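Engineer: For reference, the chains in residue letters:
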Amino acid sequence: MIFNLGYLMLVTALVLAAFGMVAGFLGGAKRLTGGAAASFNAVYAVAALVIGCTLILWYGLTGDHFEVAYVWNHSERALPLFYKFAALWGGQDGSLLFWALILSLYSLAVVIFFRNRHTSLMPYVNSVLLGTSLFFLVLMVFAENPFEQYGFAPPDGQGLNPLLQNYWMVIHPVMLYLGYVGMAVPFAFAVASLLSKRLGNEWVRTVRRWTLVPWMFLSAGIIMGSQWAYLELGWGGYWAWDPVENASLIPWLTATAFLHSIIIQERRGSLKVWNMVLIWATYFLVILGTFFTRSGVLQSVHSFAQSNVGPFFLVFLSSILLGFVLLLFSRLPLLRSETEIESLSSREAWFVGNNWLFTSMAFATLWGTMFPLFSEVFTGEQISVAAPWFNKVNGPLFLVLLLMMGVGPLLGWRRTSLSALRTQFFWPVLSTGAFAIAFFVWLRPGAFPLVGASLCWFVVATVVQEYWRGMLARRAATGENPLLALVNLARRNGQRYGGYLVHVAIVMIGVAIIGNEFYLSTTHVTLARGESASLAGYSFTFAGLESNRESNRTEIVANLLVTREATGETIGLVSPQRNLYDKNPDMVTSEVGLRMLPSEDIYVVLNGWEGDAGDIATFTLFINPLTMWGWVGGVVLILGTLLALWPMPQRKEVTVTAPGGALPAGAGD
Amino acid sequence: MEWTIVIGALVAALALAFTVWPLLNQEPLLPAADDSPVADLIARKDTLLRSLKEIEFDHTLGKLSDEDFQRLDGTLRRQAVTLLKQIEKVSPELAGHEAAIEAAVAERRGRPASQERRHCSQCGVIVKPGDKFCAACGAGLGAP
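Here the protein sequences line up with chains P and E, keeping their order.
If you read the first sequence in my numbering, its first letter stands for residue 1, the second for the next number, and so on.
If you read the second sequence in my numbering, its first letter stands for residue 1, the second for the next number, and so on.
The hints are simulated quantities; they were obtained by calculation from the structure and are not laboratory data.
Quantities reported herein were computed from a predicted structural model and do not represent experimental measurements.
Glycine is no exception: its CB is placed at the ideal position from the N, C-alpha and C atoms.
Hints may contain errors.
Unchecked claim - Example chain P residues on the side facing chain E (calculated, C-beta under 10 Å, incomplete):
{"#": "1", "residue": "Leu8"}
{"#": "2", "residue": "Phe19"}
{"#": "3", "residue": "Ala23"}
{"#": "4", "residue": "Ala38"}
{"#": "5", "residue": "Phe40"}
{"#": "6", "residue": "Leu49"}
{"#": "7", "residue": "Glu202"}
{"#": "8", "residue": "Arg347"}
{"#": "9", "residue": "Thr423"}
{"#": "10", "residue": "Leu472"}
Claimed, not checked - In silico lysine-lysine, DSS-like type, Cα no more than 25 Å apart, as pairs:
{"#": "11", "chain 1": "E", "residue 1": "Lys85", "chain 2": "E", "residue 2": "Lys53"}
{"#": "12", "chain 1": "E", "residue 1": "Lys132", "chain 2": "E", "residue 2": "Lys85"}
{"#": "13", "chain 1": "P", "residue 1": "Lys197", "chain 2": "P", "residue 2": "Lys30"}
{"#": "14", "chain 1": "E", "residue 1": "Lys53", "chain 2": "E", "residue 2": "Lys132"}
{"#": "15", "chain 1": "P", "residue 1": "Lys197", "chain 2": "E", "residue 2": "Lys89"}
{"#": "16", "chain 1": "P", "residue 1": "Lys197", "chain 2": "E", "residue 2": "Lys85"}
Unchecked claim - Distance ranges between label pairs, derived from CB positions:
{"#": "17", "chain 1": "E", "residue 1": "Ala139", "chain 2": "P", "residue 2": "Ser337", "range": "31 to 37 Å"}
{"#": "18", "chain 1": "E", "residue 1": "Gly74", "chain 2": "P", "residue 2": "Asn488", "range": "26 to 32 Å"}
{"#": "19", "chain 1": "E", "residue 1": "Ala13", "chain 2": "P", "residue 2": "Pro388", "range": "57 to 63 Å"}
{"#": "20", "chain 1": "E", "residue 1": "Gly74", "chain 2": "P", "residue 2": "Leu645", "range": "31 to 37 Å"}
{"#": "21", "chain 1": "E", "residue 1": "Glu27", "chain 2": "P", "residue 2": "Arg492", "range": "40 to 46 Å"}
The following block holds chain E by itself, in its conformation from the complex (with noise of 0.2 Å):
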């Protein structure tokens, strides 16, 4: 009875030391990589990215027409360009690596990205090849 008294006083101290030590460390809490206020943004871009992989497969199972897929992807390009924009904004350092991020898009994507690739001459958002006017602002782009 009495050892077992011993060794049970000691592990609930042991375990209780182990627990409230860390209370000593009176720092704020910091956020991570994922809890930075891009973390949604970039969380929201990847699951646009994923719908449009998504609506590519859809049209080629022949589950969109046609013209119903031009309507969406051209929504979803104008939704991502957006959130790129927001990232842009939101995080400044950030800005000027649209390029690895279009790269990453079209990775995701299944295809290079193009070689030569097109900005906005209002705007500088990266255009789809063929586009006569920018999905972001609207601006004319002249000959594809």
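Chain P with its partners taken away, still in its complex shape (with noise of 0.2 Å):
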């Protein structure tokens, strides 16, 4: 049988990712060639099984072996082949062998990328990464062995959880996966810096992409989370802080602050302990959000499974903890810094600031996340705190993060003079204003969008002068086009200006937060054939029912013709519906009927109807302003990073031939 040899895969890859954890610190501490290869080969090795026992189980769900437990639990025949790939990470076991196949991938491309470089690191990092596989292989030998077979093929299977089939779904953990796993990369650099001592700008350098890189799939898993909520879970809105929600999001937070504060070691060799337990943070929030969403200790739309590896991710837990902390203490001496904050009015002294931001929401996020664990262990009854009281905690830290990306760019490293403090502020200040006035007079709202969106407008006119003014300082010195000008400007200075249009991208975020939060509209109605109901400005004119038969599901479709009142103009027909699934007849699912416009969204959903003919149903009708804002920002966002990311132009190399041999005077990343 195939799948008992998918299981002693697991088990070979457990002892190799164990063998391979020694002989890589061995070989870096002791600094032996042979320990060093042997954890290059066990990287080798540990990915070649993992990827195997992935391709077995694959084998299981498309080829309809129901014998294995988990095909039988979250798969069917009459699933669609899409949804049979999805199902790998669709329940426990496979999600579990989905985070070791990731990180065995990203292991892999670490290894081929550094195999001749870094030679002191590199032991060290390989044996952070097994040591990270090792503990997922673990929790599938020993308590959720993904290839657990019955002694017999039941017929057909359960089928996939509703709520996951949905295309959002199938990219979204996929997503998430590649940030969250991603981020034990950037970890294991900074734990091989500490461990060989070499704490330099070595490691600084190197890892600032390979945080980017997990970075970008962690923001865009968060952005295509929520297109999912919004179109699945049909209660109008895109993010509720569901502990899953936030467990995404906690490291986001803390990798966001990490990504600032590295430029900050690097270009002045200060914040060096800061940054090590920055992406230590991370690495643990990682750790501990797939605890959330694997244990199943804190209730959640996502807890698709519960199980009992609890015990396995406190140990592990613990143990990185302790560690760290150990081996941070005992290095403390080398990571003095080089130097001090020399003025307030310095890019430095606002990137702090940032950082204390940054770990105030995630700390906030996280105490709210987990108080239905704490209020349990002290009153025994699990009290949750709602959306309402991270908004309220959240929201105005959100305003302060804000007005710091709106300052920060505009100051200098070091000090900024008051004349060039006056060049910089007159013009985004002074639209700013002329903004808020103009708002205020045309909607009067209250405080907080005035704010919130003065700020926003605020941003964006800094990162416009940004441009601007780069532009012309470019056509300048080169004579180039303005066009070309801007082009270059970006190419050249990516991480700078890529990292503006995420600052954007951002702003674009909080647009439709502020839209959303302040200025929505909703109503229930219930409609029979032929009567309209109006939602400002908007009439909704109510078609009839009709039902679709898919392969393992019924589709009853709603149709509304929208119509805007003040013209008459018609703008469509939107059309709620209801899935009734074969294998899960209680779970109803609904997928929202949704319009989206520049300046808002037309989203209905569909809550039920009367009589065989559907001749009467009930609706809840929304008008999001600004949504559409959201996701435009996400795509704006990835395009950021990629422009950080994108190479720098290849510069000529400077090569200086010694007697000794050859050295590059540039040897850089």
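Both chains are sitting in their own frames, so use the hints and assemble them into the complex.
Structural biologist: Below, the structure is given as structure tokens:
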């Protein structure tokens, strides 16, 4: 039986990961070529074995081998092929295997990329990555075997959780995992630099790109997850501060802080301990987040499976915590700051401020997420803090963050003189003032949306000014035409100008949040065929229900004709639907009817219907202002990150040939 | 069932052999090019050069006043010279290649290396055109 082979391969991978971890550590500590090389080979071997196991499980899923418990639990004959592949991460055991797979692929990329570089760091890097793999292999071998079999083959499976049968749900976990798991790489480099006492700029420069890539995936994963919640869960929103949503947001916040503060360490040689703590915290929170999702300790829409992996996670988390604290303390004398922050009007001072904000938000969100656990310990009852609490805490912090996002880029390193401050702030502040007055006169907003929208404007104004002045400077220096100057400016300073684009993306997301939080309209209606309801200037006419049969479900689709009341202009049909899955008749899922306009989303949920012909149906209507900009922001965020990642135009390397050999003078990334 | 165990054992044995094999090599781990003592110094020098480029850019954009720019530029250049000296000390074979390094500096900053480069008569460090005193040792340089 091929599935027994899969299990044997998992066991082999476990042994080799443990062996490679020790070999890498000893190879690094005792400087043995053999140990170091063995750790490299262990990475290759573990990756090959884990890839093999994944293929075997995919074979089981696509071939309807219901004698495998995992396949029986998460698939069925009628499931479209696409979802049979996605079922790999649809349940507990499979998603652990998927974690191990992505970690193996990252590890493989690292060892191939750095095979002949960072000779002192790499054995330790391999050791940490294999250690992480080891943990997930232990989980699979001892607690959650994805290849567990029944002694017989049931005729058909249980089917995939209906909530997961959506294309966003197929891609969203992949992105999230790529982001989550990838954070192991910068953490491995940080630990390697601590262990090898090579704490200079070397690991810092290597690690920035390797953090940016998983950061981009994590951002995309979070945004796609909210897209999924928006389209599938049908409660009108995209973010509910659900424990598992938070579990992805918290490491994102610490990773974002790290991406900013690592620049200061590189440029100014300060914040060394802080950066170590941030990247450790990110890694720790990633494992903690996986624990939340996988153990069922917190109730969530994502608790697809619950099990007994808890104790394993607790042991692993405590060892990460203890091991890291001890290691960091033993290296503290080597992590002294080389410089002090000279002035409050410097970019580094505001970077430190932004770090405080990001960590405060991360801590507040973590506290709120874990509150049910604390309350259970002290009162015996799980008390959850709900969305309003998170909004109240994080909302104002987000405003301050916007302010910092605007001010920071306008400041120079070390110190900005008064005259420079004046030239930098004149236009952004002036235009923001004008915007705030116009906005106030137009909509009479409350304090929060007024301040929020003005700060959004301010950030965009500073970014536009940065691009504009940079383009002018480059034009003056090179005589290029404006467009070419702009392109070359962004290309040659990708880190800076890509970062600015990401800021604009965050502003777009902020605009969508402000629109939805403060200007949303909603109502419940019951309509007979032909009847109309109106909301926020739109008229909705119920045209009737229809029923469609798909391979594993029945879809009930309601059609509503939407027109603009003022002009009578027809906008089109909006068709919310409900899906009844054959295998899960109790879990009726919702697909919202949606029409996205730049100014607002027309969003309709079908709640139920009466009579066999479906002559009467109930709906929840939403008009969600500016929501589209959140998704556009997501795309801009990815483009900005890609710009920051894009390799610098090739420099000519100056090679100095000395009697002892050749050494490139510009050796660097 | 039988063949699963045979194949499983075979796969395990192969993977194990592949992983353990390198242990037979008992040679000490040799530092690679990026691992030598100068590597970190060079990395720091690179960062300094980038900082120099960046403050120049910030100056052009008006984020740094002329006065601040002069001050920072001077400080960073002094640090760069100190680093170059350290590099020279740690790895003497690199000595005498300052010209190449200076060319790299110039290239980084987007201008060609000056044809008539001036050296300090006391310590031999390259000095900026127009400087009256050596940034490294402070010796007077005479008329530019």
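Engineer: Taking the hints in turn, state whether each one holds.
Structural biologist: Taking the hints in turn, this is what the structure says about them:
1. Leu8: With a minimum Cβ separation of about 3 Å from chain E (threshold 10 Å), the hint on P:Leu8 holds.
2. Phe19: holds, 6 Å
3. Ala23: Holds. Min distance 7 Å.
4. Ala38: holds, 5 Å
5. Phe40: holds, 8 Å
6. Leu49: Holds, because the Cβ-Cβ distance from P:Leu49 to chain E comes to roughly 6 Å (cut-off 10 Å).
7. Glu202: Given a least distance of 5 Å, the restraint on P:Glu202 holds.
8. Arg347: Where the cut-off is 10 Å and the nearest Cβ of chain E is about 9 Å from P:Arg347, the hint holds.
9. Thr423: holds, 5 Å
10. Leu472: holds, 9 Å
11. E:Lys85 with E:Lys53: holds, 21 Å
12. E:Lys132 with E:Lys85: holds, 21 Å
13. P:Lys197 with P:Lys30: holds, 14 Å
14. E:Lys53 with E:Lys132: Holds. E:Lys53 to E:Lys132 sits at ~23 Å (cutoff 25 Å).
15. P:Lys197 with E:Lys89: Distance ~22 Å between P:Lys197 and E:Lys89 Cα, so the pair holds.
16. P:Lys197 with E:Lys85: holds, 24 Å
17. E:Ala139 with P:Ser337: 31 to 37 Å: Hint holds: Cβ distance 32 Å, inside 31 to 37 Å.
18. E:Gly74 with P:Asn488: 26 to 32 Å: holds, 29 Å
19. E:Ala13 with P:Pro388: 57 to 63 Å: holds, 60 Å
20. E:Gly74 with P:Leu645: 31 to 37 Å: holds, 34 Å
21. E:Glu27 with P:Arg492: 40 to 46 Å: Holds: the Cβ-Cβ distance is about 43 Å, inside 40 to 46 Å.
This entry satisfies every hint, going by the numbered hints stated previously.
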